[in-house]
Amino acid sequence: MTELIPLIVGFTAGAAGAMGLGGGFVLVLYLAWTGTAPSDIRAANLLFFIPTALVSMIMNRRRGLIDGRVLPYAAAAGSIGAVVGLMAADAFDTDLLGKVFALLIIAVGIRELFHKRTDETPRSLKERLVDQQKKRVPN
Amino acid sequence: MNKTSKPVAAAAGLVGGVLNGLFGSGGGSVAVPILEHGSSDAKSSHAMAVALMFFISIVSAAGNIVLGHFPIETVKPLLPAGIMGASAGALMLRKVDNDVLRRVFGALLIYSGGRMLLK
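From first to last, the protein sequence lines are chains A and B. Just so it is clear: in the first sequence, position 30 is 30 by our numbering, and no numbers are missing. Just so it is clear: in the second sequence, position 17 is 17 by our numbering, and no numbers are missing.
Okay, chain A solo, but in the shape it has when bound:
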């Protein structure tokens, strides 16, 4: 049974990561449970994400979910940002910044969780059935 745990963790983290849901949270919990050092957890999370994100990126590009026209701009800005962030990590109190960041992502999370449905969002089956019934029985 214990041999299955890395498979389940790997699969779940890969799937969540590929969907842009942050698969790291599964991996970090597992690695902390196995007694991995925090600095290695951070690096392992990145090393795991690279090949799984590559698979996701190739599949999503084929299905037209990625705009290849703007991706180079995002990737270039992101790479510069990552270098700036790595250098700034030594200069700032990342513990305090981490708490501010935590509050920010909680606020974003609340906004996403309780957002109003948009017109672009596919409607539920129930809503579509109600519309069909209205068409069949004109007032």
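Everything labelled a hint here was simulated from the structure, so no lab data went into it. All figures in this text were calculated on a predicted structure; none of them were measured in a lab. Mixed in with the good hints there might be a few duds.
So, partial list: chain A residues that the calculated Cβ filter (under 10 angstroms) puts toward chain B [to be verified]:
id : residue
1  : Ile8
2  : Gly17
3  : Gly23
4  : Leu27
5  : Phe48
6  : Val55
7  : Arg63
8  : Arg69
9  : Phe114
10 : Val130
11 : Asp131
12 : Gln133
Quick reminder that beta carbons are idealized off the backbone N, C-alpha and C, glycines included.
Given the coordinates of chain A, work out where chain B should sit on it, guided by the hints.
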């Protein structure tokens, strides 16, 4: 697929990159809403954020390797299942409802933020 403008994509990249560099992860959690702001399609925003985080993670991982952190032996046993999971996740992303995707993402962000606050 809804079109994202170049400045919005660059802004998502820059903010996501800086946050990932600072904290080692979490850049995608802010990149997704920035991309959503420029494109109302949640699926495209998530797919773009994963692609963006792929490039950012290469830079961040290189930084970690320079600092002497290269725990490839820790990652190796997880990778085969991870690749299969990534394929399944990419297939699910295409089929999932945009509304459900946003709500699940929101719930996970609140959980992750709560964990970071209590650390």
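Now the hints, each set against the structure:
1. Ile8: holds, 7 angstroms
2. Gly17: Holds, about 7 angstroms.
3. Gly23: holds, 8 angstroms
4. Leu27: Holds. Min distance 7 angstroms.
5. Phe48: holds, 5 angstroms
6. Val55: holds, 4 angstroms
7. Arg63: Since the shortest Cβ distance to chain B is 5 angstroms, the answer is holds.
8. Arg69: For Arg69 of chain A, the interface hint holds, since the closest Cβ of chain B sits about 8 angstroms away, which is under 10 angstroms.
9. Phe114: holds, 7 angstroms
10. Val130: violated, 17 angstroms
11. Asp131: With a closest approach of 17 angstroms, the Asp131 of chain A hint is violated.
12. Gln133: violated, 22 angstroms
The structure fails to meet hints 10, 11 and 12 from the earlier list, while all remaining hints are met.
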